[in-house]
Amino acid sequence: MNSHSTTAKALDPVLLEILGNKFASVTEEMCLTLQRTGRTLYVKETADFVCALAGLDGRFFAYPRSIGVSGFVGLECMPTIEAAIANFGALEPGDVILTNDPYLSKGLSTHLPDLHMIEPYFHEGKIVAYGWCFVHSSDVGGRVASSISPTNTEIYQEGLRIPPLKLMKRGKMTLEVKLFLDLNSRTPEANMGDVRAMLASLTTGRRRIEQMLGQHGPDQMTAAQDELMAYAAGKAEAVLRQIPEGRYSFSDYLDDDATSRIPVRLSVAVEIKNGKVHLDFTGTDPQVAAAMNIPSCGRPHAWLTLRMLALVQTLDRSAPLNAGLLRPLTITAPKGSLVNPEEPAATGVRHAAAIRVNDILNGAFGLALPDVLPAAASGTVIPIVMSEPKPSGGRMVQVIEPLIGGTGGRKGHDGIDGRDSGISNLANNPVESVEAELGVEVLHYGLRPDSSGAGQWRGGCGMELSFRVLTDGSHILARGMERMLFRPWGQAGGFPGSPGSLVVNEGCPRERRLGKIDVLEVEAGDIVTFRTPGAGGWGDPMKRDPFAVLRDVQAGFVTVDFARRIYGVALVDGALDEEATQALRAGAMANDGTDFGPERNNWDGIFATGQMDRLNAALIAMPLSRRQGRRREIFETVLADLPSSFPRTPASGPHLEAAIKRLETCLSTIEIEPESRLNPNGETS
Amino acid sequence: MKDIPQKAAGRLRIGIDVGGTFTDFVMADAETGRVALFKEPSTPDDPSRAPIEGLKKLLAREEMGPADVAGLMHGTTIGLNAIIQRRGAKIGLIVTKGYRDVLEIARCRMSSSFDLHAEKEVPLVPRARVIEINARFDRDGNLTQRPDAAELDRVAAELAGLDLDAAALMLINGYGDPEAEGRIADELTARLKTLPISSAAMIWPEIREYERTLVACLNAYIQPMMSDYFDRLGKGLAQIGVTAPLLVTASNGGSLSAASAVARPVETILSGPASGVMAAVRQAAQSGMESIITFDMGGTSSDMAVATEGTAGIATRTDIGGLPLVLPVVDVNAIGAGGGSIVWADAQGVLKVGPHSAGAHPGPVSYGQGGAEPAVTDCFIACGFIDPDNFGGGTMPLDADAARAALEDVAARIGMQGKDCAARLAQGALAVASAGMAGSLFRTMAERGLDPRDFVLLPFGGAGPTHANLLAEEIGITRILVPQAAGAYCAMGAAGADLRRDFVRSLRYEVTPETAAMAEATFTALQADGDAWLDAELPDLAERRAERSADMRYAGQAFELRVTLDEGADATAYAEAFHREHERIYGFRDTTAPVEIGTIRLAMIGAGLPLAPSTATGDGAPVRATRDIFHKGEWHAARIYDRAALGQGAILPGPSVVEQPETTTVILPGWAATVDAQGNLIIERTKA
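Residue numbers (this note's numbering), protein chains in the order written: chain A, 1 to 685; chain B, 1 to 688.
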């Protein structure tokens, strides 16, 4: 860790504020330049890009607040810079480094479509800062169009790997690199358009830094980089000191790993002491043979620390946004686990796992600060894509809606219905634009009443999208479907939200209830209905203000029957019956603690926390080549004579006991296998 | 109510801007060229009182009668304030079945990605007052579900049960046939007698259901109060014998009749800031300057706008109290601190300015109204920029000692001590404010691909001219134009406003000779609507013109560019106009890709007679006094001038301060001002 003091004092506190504002504004200008000159959908509409300024240590000392991807403040540029120098020699003015490889960049890039660039900014022959930017490009080759598929098992299927290299040498593009890039993309022209926009943004940053050097001089500029980081670190420590010291553990599951029906576990212990925090991901499942691994390279990576950043920013809105916020943070991410996979694990859809990482950090911090953190958000982002045959031949592929849910309730406030900026803050598509371009008629795009987890402060509602298909031979794709099994949990006595679902032709004789889909083939006239989960509630529903329940009934979020059963609120002819409400509530049982819902409880009945920690400790100690197979074998053995609907339905008594016994047998076998003690257990930074 | 446009024989055009604290008046005399300013305290309990009272006093002061008034141009923030504070009418919303949550979902985005405690905006219509109707159009604008009489009866009965002041109607794809949606609104109104229903497609037939719903809801939300307001105002004017036509300024920088404003109040929401910018553009053009950045610094915040080639930028997406508005409006951006922004130190001892504001009440510490935390205005006093005894022309003396004491408290919290502590802290806070403003300004310019250093800064608003020179130094701008009426610029803009209304239709065609002809026919229809509108508003216009543009793209592209088009264009001209714009912004054209035309837009403009140019009012540059001002860590002896006493050609070397009742202009060391023929102060850098 750094030896900087926790408060910034060396630089004049007026100048510090001024330079902090100016640097942040330079990064926003870079972003605006990129957005204005970029070409693709990712840049223009979903804003899947960002620019920042890195100091001589490769960490971001300035980061935009109002534009671009918000979560990458914690990324590190230095491994990429060092790798480029090692292969191609010292950096010169006009050089720009390019990479997209998660492993060689040590997690700067986290999947191959993300192109990252770094330009050194010089003053009188010395580097004074680095400009950085990234864009999610349309396609970098690989097995499928757009390069991302959950069922990819190795990074080699995900497209062209670009090691850290010099795309620009002294201001000139390296032709060899350009030719390689062009040849390895399905959309070379669009990609090159975005590459040029990235270069333009780096140029904007360079010019503005030169202008600032004219005003403030190189010494003040470099001093300010350190001071701004120390200032942010001081803010973070001050927030951490508000949190009661201790060790807080939390675990949660992804429904499955997209290639089998075995759930994927994520686990964390948050240790808070003396203004510092340590995140220990031990107990998290081994990396999966699917594309949802998070390539953190064992570092306090952006994807693993986002919630901590949000917590600091929530409790101190004046904190500057830079990597200093992460100084008081250390991490343990076991090597070979989902959160620190070994090469060549696929990482294309790492954001699905990142959503769940957010949830477990939220849960763990929530144990420490129950009044500050909300219950679980809906925890799913599903871009629903339609591919329809064009009359002129070929297919038209377009997003209908990126479907999300709501946010969890928290003390004093209901969750937000139908919105969740937790992992990405994407805008939806106007239905009229969708209908103008695709053969669909949208029948319902709205909130899902009764889906939210009940609570003294209820969770946000999930959403429902129902549409009629107008063209034969259409396909529906929906990656990122989650929480169809394990519900968004409630907190402090709040109830979990309802799980998500997918139905075709609901209520018709041809009705089909489906789980996760890869490609769903549909015909004209079919009606497809997606429902996203509701978010978890906070606090005992029996304590909810009866008038808030009445308002929810009037708004149509809650039925009269639900109000009576769950909230103990009696309504007669649309008015509150206070006496009957009191009577209902007097007899009710109190609710407290975290409520994961019946599916998770059924699961934990066999795969309890302690057992899972033991299992993962043993698996992670095995050689990578054996881990996956052994894991599958164990789950198949334990689940052997349970109904296929488990854990949606509980296991009956004798079956349950037999399964528990089988798990214990497996554990004692694997724990004494010699190879399970070969590997060191993870790494710490 | 109904306007009776009359050809008035009078000589005066009077602009009136109703603000939160003051109602400003600008009177332009066509015979003498004289421009007179006047301020009357606003009357929030009945906002129509201040314009009448003030007008009476102004006419009396200027020895003019009601018959001398040729035109009244009026701007108001009543609608805007009602929206921001959610104090509008009780309204309901009728939507296509399946879209009850159109306002709840909005565009799905949260205002912050980092704040775990972020809340979403409060919808204008609570879910309990949203009613679904079995009616919708298909994507080609065919009414595929037509509500029968029973369905209309049911919806009308539900509406009646809600006890509403007004309602809005939005049917999916209604933009394709606005008249059909309008007829359904009429059928509901017929069943309900008194309930006004705003049809979204009739007001603004642009694709995108959420944004269009909002236009209709905003309209319904402020319509009852605006109607009531103009009723009272009309009666008040009649009482004092003013019969000149009353025009209302609009967010697009133009104006419309009071009757139009009552029918479509949503077009007037942002009229105040828009008028100020339009006045600035006209003023700068008189002095031969076409590229300007306006800087309006008021009590709670500062705004900027950009004009290039003598035309103010127009935005088709703005934010109003957290809600997006898609009507074309003069593109004004908030850029940071105002005079009331609080100066404070955080727990780490770092100096901060804003975002909290002391507002008008309690206001800065120096106002002596109970404000305990120092504000930016207090910094102006501590640095000697503002004379505390001569504030507001001496009508509102300020407490300089209290301001300095409060600033010294903040200085102690950041570890600053010693001589001139208050002034040094104040200077630091002004530098922080300037850096924040400059950052926002650079960002706004970067979005447009412009370099601010090529522009003239044109400040107005109470504090604009006081802070402008500091901001210009920070940005690297070398020229500032301070107009005479800088302190009442929204009223000034109102006085000179043209009539203007925007028309829109959403299409989706690939450009071919046939579709180009169809687009041209739609333009012609819109232009006919525009002409009819102008005829009804004011028949005697000096000039009328229509500006055409369209949102276009390459087929399959996810974003559109707004392209200016000429009348009578054919397919080749349409495509070429788009290729050229695409090339200008992205550096290339794709002649192999089909070009699509989407939403088409027509602005109908009716120009009145231009205001006579302003003139300098004094002679020479008499120095009234000297006062020390604090800048770059030192005190400098500054000459103090009265604005009204300055004559054309006067030269004011910095450091100088120019005082007038509405504002104070600061000229820093290293800069000098000259007074031009129009009486503007042109401040320029004298050394690098």
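Please keep in mind that the hints were generated in silico from the structure rather than gathered at the bench. Computed from a predicted structure; not experimentally measured. A hint or two may mislead.
Per label pair, the in silico range of CB-to-CB distance [to be verified]:
#, chain 1, residue 1, chain 2, residue 2, range
1, A, R317, B, D451, 27 to 35 Å
2, B, D45, A, D577, 53 to 61 Å
3, A, G394, B, L609, 44 to 52 Å
4, B, G568, A, D182, 37 to 45 Å
In silico BS3-like links for lysine-lysine, alpha-carbon gap of 30 Å or less [claimed, not checked]:
#, chain 1, residue 1, chain 2, residue 2
5, B, K97, A, K516
6, B, K90, B, K193
7, A, K411, B, K120
Don't be surprised by glycine CBs; every beta carbon is placed ideally from N, CA and C.
Of the numbered hints stated previously, which ones are contradicted by the structure, given in increasing order?
Violated hints: 2, 3; rest satisfied.
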